[in-house]
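Enquirer: Protein chains in written order, with this note's numbering: chain A, 1 to 116; chain B, 1 to 111.
Since the hints were made in silico from the structure, they are not lab data.
These numbers come from a predicted model, not from an experiment.
Glycine residues also receive a C-beta, built at the ideal position from the N, C-alpha and C atoms.
Any given hint could be a false lead.
As the list claims (entries may be wrong) - Computed cross-link-like contacts, BS3-like style, restricted to lysine-lysine with a CA-CA straight-line distance of at most 30 Å: (1) B:Lys42 - A:Lys55; (2) A:Lys64 - B:Lys110; (3) A:Lys20 - B:Lys42; (4) B:Lys56 - B:Lys2; (5) A:Lys41 - A:Lys64; (6) A:Lys66 - A:Lys55.
To be verified - On the chain B side, residues computed to face chain A include the following (Cβ under 8 Å): (7) Tyr39; (8) Ser49; (9) Tyr71.
Stated by the list, open to error - Here are the in silico distance ranges between beta carbons for each label pair: (10) A:Pro8 - B:Tyr39: 18 to 28 Å; (11) A:Asn70 - B:Ile18: 38 to 48 Å; (12) B:Asn97 - A:Lys14: 34 to 44 Å.
Here is what each chain is made of, one letter per residue.
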Amino acid sequence: GAVVSQHPSWVICKSGTSVKIECRSLDFQATTMFWYRQFPKQSLMLMATSNEGSKATYEQGVEKDKFLINHASLTLSTLTVTSAHPEDSSFYICSARVGLVWGEQFFGPGTRLTVL
Amino acid sequence: QKEVEQNSGPLSVPEGAIASLNCTYSDRGSQSFFWYRQYSGKSPELIMSIYSNGDKEDGRFTAQLNKASQYVSLLIRDSQPSDSATYLCAVNAAAGNKLTFGGGTRVLVKP
Numbered sequence: 001g002a003v004v005s006q007h008p009s010w011v012i013c014k015s016g017t018s019v020k021i022e023c024r025s026l027d028f029q030a031t032t033m034f035w036y037r038q039f040p041k042q043s044l045m046l047m048a049t050s051n052e053g054s055k056a057t058y059e060q061g062v063e064k065d066k067f068l069i070n071h072a073s074l075t076l077s078t079l080t081v082t083s084a085h086p087e088d089s090s091f092y093i094c095s096a097r098v099g100l101v102w103g104e105q106f107f108g109p110g111t112r113l114t115v116l
Numbered sequence: 001q002k003e004v005e006q007n008s009g010p011l012s013v014p015e016g017a018i019a020s021l022n023c024t025y026s027d028r029g030s031q032s033f034f035w036y037r038q039y040s041g042k043s044p045e046l047i048m049s050i051y052s053n054g055d056k057e058d059g060r061f062t063a064q065l066n067k068a069s070q071y072v073s074l075l076i077r078d079s080q081p082s083d084s085a086t087y088l089c090a091v092n093a094a095a096g097n098k099l100t101f102g103g104g105t106r107v108l109v110k111p
């Protein structure tokens, strides 16, 4: 399958700081990437859909000014958590879709964010 | 009613047996269907995709799709302890563009 990387794999930060997470498709071009959040023992929650060259589409209840998404190239999307607070601590996972709208999505390894 | 439903489990299976997982979905126009495996603390890993009615086999895994009944299933043959994980059913709805996930079924394979 296609390979998606994420960086960093884990990060600890102080409350009020901003954290940037990178998601890269390594062996394919992804016009669409997705950002998910997962709390312990819960299922994935889609945060936003990121399309290359255009503004991200956020799911209901997700603050777009807090979770900034940039998809500047066909292989890179970034998620910035601004002014992070302890309740933002979670497992953030990106995915990238291969090919058409109904194509397969491959997930990155995830970033575990802990806000102190 | 949830859009994609799975039994949360745990589904306990003896080593070497067949594990059978089911998933139902509500959007009749859904176009593509996926099974992901997620180990604790890790991200999901795609193990099967299926787009048309019938069976699709890949190694020890078989996915079955029945669009008329709106269900998709996954069979794991010769289950191994390493198959112990949460299995997520995901459906790409008629409107396309994003996956809807079920809550996952936790599978425990006992030696």
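Enquirer: Now, for every hint given, state plainly whether the structure supports it.
Expert: Going through the hints against the structure:
Distance restraint check for B:Lys42 and A:Lys55: the Cα-Cα separation of roughly 29 Å lies within the 30 Å cut-off, and the hinted pair is therefore satisfied. This hinted pair does not check out: A:Lys64 and B:Lys110 have alpha carbons roughly 45 Å apart, beyond 30 Å. Restraint check for A:Lys20 and B:Lys42: satisfied, since their Cα atoms lie roughly 20 Å apart, inside the 30 Å limit. Only pairs whose Cα atoms come within 30 Å are accepted, and B:Lys56 paired with B:Lys2 is accepted, the gap being roughly 26 Å.
A distance of roughly 25 Å separates the Cα atoms of A:Lys41 and A:Lys64; the hinted pair therefore holds under the 30 Å criterion. Taking the CA atoms of A:Lys66 and A:Lys55, the gap is about 15 Å. The hint holds against a cut of 30 Å. About 11 Å separates the beta-carbon of B:Tyr39 from the nearest beta-carbon of chain A, more than 8 Å, and the hint is not met. Interface hint status for B:Ser49: upheld, as the beta-carbon distance to the closest one in chain A is roughly 5 Å, under 8 Å.
The closest approach between the C-beta of B:Tyr71 and any C-beta of chain A is roughly 18 Å, which is over the 8 Å cut-off, so the hint fails. Range check, A:Pro8 to B:Tyr39: Cβ separation about 20 Å, and the 18 to 28 Å hint holds. One distance hint, 38 to 48 Å for the beta-carbon pair A:Asn70 and B:Ile18, holds here, with the actual separation near 46 Å. Look at B:Asn97 against A:Lys14: about 36 Å separates their beta carbons, and that is inside 34 to 44 Å.
In summary, the numbered hints that this structure violates are 2, 7 and 9.
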